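Engineer: Turn these sequences into a full structure, and let the hints guide you.
Protein chains in written order, with our numbering: chain Y, 16 to 503; chain W, 16 to 503.
No wet-lab data here; the hints were simulated from the structure. Do not rely on the hints blindly, as some may be mistaken.
Copies of the same chain look alike in the list, so a pair counts if it fits in one copy or across any two.
Computed cross-link-like contacts, DSSO-like style, restricted to lysine-lysine with a CA-CA straight-line distance of at most 30 Å [unchecked claim]: (1) Lys-360 with Lys-274; (2) Lys-324 with Lys-491; (3) Lys-195 with Lys-335; (4) Lys-324 with Lys-72; (5) Lys-223 with Lys-501; (6) Lys-274 with Lys-343; (7) Lys-128 with Lys-113; (8) Lys-348 with Lys-204; (9) Lys-62 with Lys-348; (10) Lys-348 with Lys-445; (11) Lys-469 with Lys-343; (12) Lys-343 with Lys-62; (13) Lys-37 with Lys-274; (14) Lys-348 with Lys-274; (15) Lys-343 with Lys-72; (16) Lys-37 with Lys-249; (17) Lys-491 with Lys-223.
Small disclaimer: the values here were computed from a predicted structure and weren't measured.
Protein chains: 2
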Amino acid sequence: MAKEITPRSEDYSQWYLDIVRKARLADNSPVRGCMVIRPHGFAIWEKMRDALDAMFKETGHVNAYFPLFIPKSFLSKEAAHVEGFAKECAVVTHYRLKNDPDGNGVIVDPEAKLEEELIVRPTSETIIWNTYRDWIQSYRDLPLLINQWANVVRWEMRTRPFLRTAEFLWQEGHTAHASKDEAMEETLKILDIYARFAEEYMAMPVIKGIKTPNERFAGADETFCIEALMQDGKALQAGTSHFLGQNFARAFDVLFLNKDNQQEHVWATSWGVSTRLVGGLIMTHSDDDGLVLPPKLAPIQVVIVPIPKPVPEILEAAGKIAAQLRAKGISVKVDDDDQNRPGFKFAEYEMIGVPVRLGLGQRDLDAGQVEVARRDTKEKSSVSLDTVADYVAQLLEDIQANLFNRAKAYRDEHITPANTWAEFEEALEKKGGFVAAHWDGTTETELEIKERSKATIRCIPVGNPEETGACILTGKPSTQRVLFAKAY
Amino acid sequence: MAKEITPRSEDYSQWYLDIVRKARLADNSPVRGCMVIRPHGFAIWEKMRDALDAMFKETGHVNAYFPLFIPKSFLSKEAAHVEGFAKECAVVTHYRLKNDPDGNGVIVDPEAKLEEELIVRPTSETIIWNTYRDWIQSYRDLPLLINQWANVVRWEMRTRPFLRTAEFLWQEGHTAHASKDEAMEETLKILDIYARFAEEYMAMPVIKGIKTPNERFAGADETFCIEALMQDGKALQAGTSHFLGQNFARAFDVLFLNKDNQQEHVWATSWGVSTRLVGGLIMTHSDDDGLVLPPKLAPIQVVIVPIPKPVPEILEAAGKIAAQLRAKGISVKVDDDDQNRPGFKFAEYEMIGVPVRLGLGQRDLDAGQVEVARRDTKEKSSVSLDTVADYVAQLLEDIQANLFNRAKAYRDEHITPANTWAEFEEALEKKGGFVAAHWDGTTETELEIKERSKATIRCIPVGNPEETGACILTGKPSTQRVLFAKAY
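Structural biologist: Take a look at the structure:
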């Protein structure tokens, strides 16, 4: 199977599409830009969702659900927001079909036109803040810490499975606070959760940073992000946490009585990560033989393959190992298929990214051992049956750590300082990754750099050191380096 | 607070709306027919979802995700399906808005008209079977046991929170099989899961049955259902499991090579339950003081209220009890609010349906005991602090059982045999509930009975005994009684 994957060195973009298809993560659908998330891809997303959901709940957040549709007029209420989101979106104009009088199936019933069009949510700030107006009267109603798991639609022109699709799944948190400080604290708390999730679960190192005004969420006073680096040297924005100030409270008249008995506009945050993370996961760890998954997010962590066939004695021994592993909370599949050969199965499990494979034959059994192969390095060892459960438990932790360390080493090697335009271009073209360079702080320069180099300012890292320098484009004075990269 | 709930005896329908609002389960939204599911309502749905999801997975099902949008032409491919679903639905006709040249916000961009309109899924058989065509080639690809948790939209004219909303959340299972028998077995397996979930988790007794051809799902060869009885004597269809035969495989050309090397159309099932279950849960158990929840679905199972105030000594004792309960897997809230009085809090926790309330004051502490109040019967007991954890654990089981037994006794009392039209009408009008009556088996008679009485045939119970009789309307011969009721 692996030979059907285009090597990364040949065409990274095609390699990605091959992995998505051959690891059965997603399929194209007949609806432009919308994908079908296949069971294996969805199982990975479920693991991400459950881990994040637990982290949100531990920090006091609760889930709710708001309508899919947003009245068109709502989008216009926040001036910046409408510019960012009201353009490429799915518009519902009618609520009924009828039989075509010409007998060709069904047609839209022109009499069933909505008075006001409905927009399929591209994000839910407007409908949620319209609701919060009814829920918030006093400081006692605050903070309101609500998250929603939902589908959203943005009519993207160029799509790519997981990374950019017209419909995608995500979580969107929308919190309301009695003070600016508390809202800012929440924004940063979530940024930390995102970074911790990316690093501890996805084994994907990220840089926490602040977006430039030009890259800010439409309607935010400040956008924070986590930025990851893919194997092709392009950056991926993996999650964003927005400090919304009082913008949406003003747009939707959400006032509260503060402790001083004064009416005040409520302070807000919003934050989200999406199925895009699955794309980031693929591009951080996988290789030319298929998907590589960190054990914490692998739907099957260990597979046991009887060699050469699942005869009863070997299946029985495999069952015992499986039981020992399951007792440790490890998910195990015993492959009892008797149609395909071990070599085919090995390639298949490499393709779908099972972190650990156990090969068990009669000779192994006689010798009281089993062959353990790890997906990340392809190394194999013979391990005693007596100790294999402990060995595998430890190995899963080692793989998780190894994937993170490997990705971090790659990322760290790909942060290049550049002091001149020539150095900047060379780093971008020859090496890829992040380029740390001085910028004069204006949107004009930012856009000009993007125009010339295709690189954007990914972020100003949180805790960035101050350093005097000159903008690589204009030579104007600058107080800090920012991170540029080409990005997904 | 309770005084703000309309008593059931006065206006059951208003009582229901009052519970939904006062127990903070859902709110109306500015989008017609769409509700906002509030955190407390959503937490109940999450518990339902998690329990059902585990039951589906235990029986070999996996989750996936298919697009929100369905090309209009897909709906026309299955003749019966289009009649049932293509009418009242949300139609996306455009993919862009633009600034109104007159300066009034945004308008639909007439140049961004879709070539083919997209329908927001009312159910996903068509898009899924269009995908299965690519996934299924041989009997080795079968069975395909896939479930999806999703939102769907049906443009209902009269809506009611949870029971009937334009957008609702549900799960829809779509399975593909190599034989008719296997598909029928799956249909019934899911019916059993639904019934078990309703009875064991929701404490809501249900009757498993078969729908008449007239009440069948559009595109099914046979529809099975679980039917529950609400406190006002009206029935609620709580879940359906459809045997789809080869209808969708024919409509979407889904063929497989069977073991005899012959091309054959695939056999199908589909099945779903939705947020409607939350409505059923409310109407099965709740009372004039608020929501009553079975412990297995209660987001907070036990609340501990310090009396009269959360002073440190009482909070410390409450914390100890909470820790003991949590060690048993029980979810506990210690109310440390110092603003409201115990009486207010008691009413509040009754309103939101917390199954067990512990009241803990200084006098209780001195006596080494705590007051335990159960929500279902309102009974209170003093229990020794030494044994309270075991007592509460057992009490939660007792409440779960009591709610089921109480609902089952009510339901069983409300299945009335009727042998004449007069008896039928009297049972419906005076008593309500299910009426078991003979019917001549024709859709014509079924519709005439509905027209005259507003009652529909809820189902023909699975395993219904054969019995010779005469149709209550036409007097024609009948071989079995069927269950009629007015229904939600």
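Engineer: The structure should be examined with respect to each hint, and the outcome stated for every one.
Structural biologist: To see whether the hints hold, each was checked on the structure:
1. Lys-360 with Lys-274: between (66 Å within a copy, 23 Å between copies)
2. Lys-324 with Lys-491: neither (71 Å within a copy, 63 Å between copies)
3. Lys-195 with Lys-335: The answer is neither: 57 Å in one copy and 36 Å across copies each exceed 30 Å.
4. Lys-324 with Lys-72: between (46 Å within a copy, 27 Å between copies)
5. Lys-223 with Lys-501: within (17 Å within a copy, 59 Å between copies)
6. Lys-274 with Lys-343: neither (51 Å within a copy, 40 Å between copies)
7. Lys-128 with Lys-113: both (13 Å within a copy, 19 Å between copies)
8. Lys-348 with Lys-204: Result: close only across copies, 24 Å inter versus 37 Å intra.
9. Lys-62 with Lys-348: Result: close both inside a copy and across copies, 17 Å intra and 27 Å inter.
10. Lys-348 with Lys-445: neither (43 Å within a copy, 58 Å between copies)
11. Lys-469 with Lys-343: neither (48 Å within a copy, 57 Å between copies)
12. Lys-343 with Lys-62: Result: close both inside a copy and across copies, 18 Å intra and 25 Å inter.
13. Lys-37 with Lys-274: between (59 Å within a copy, 26 Å between copies)
14. Lys-348 with Lys-274: between (58 Å within a copy, 26 Å between copies)
15. Lys-343 with Lys-72: The answer is both: 25 Å in one copy and 20 Å across copies each meet 30 Å.
16. Lys-37 with Lys-249: within (23 Å within a copy, 51 Å between copies)
17. Lys-491 with Lys-223: Intra 26 Å, inter 77 Å, cutoff 30 Å: intra-copy only.
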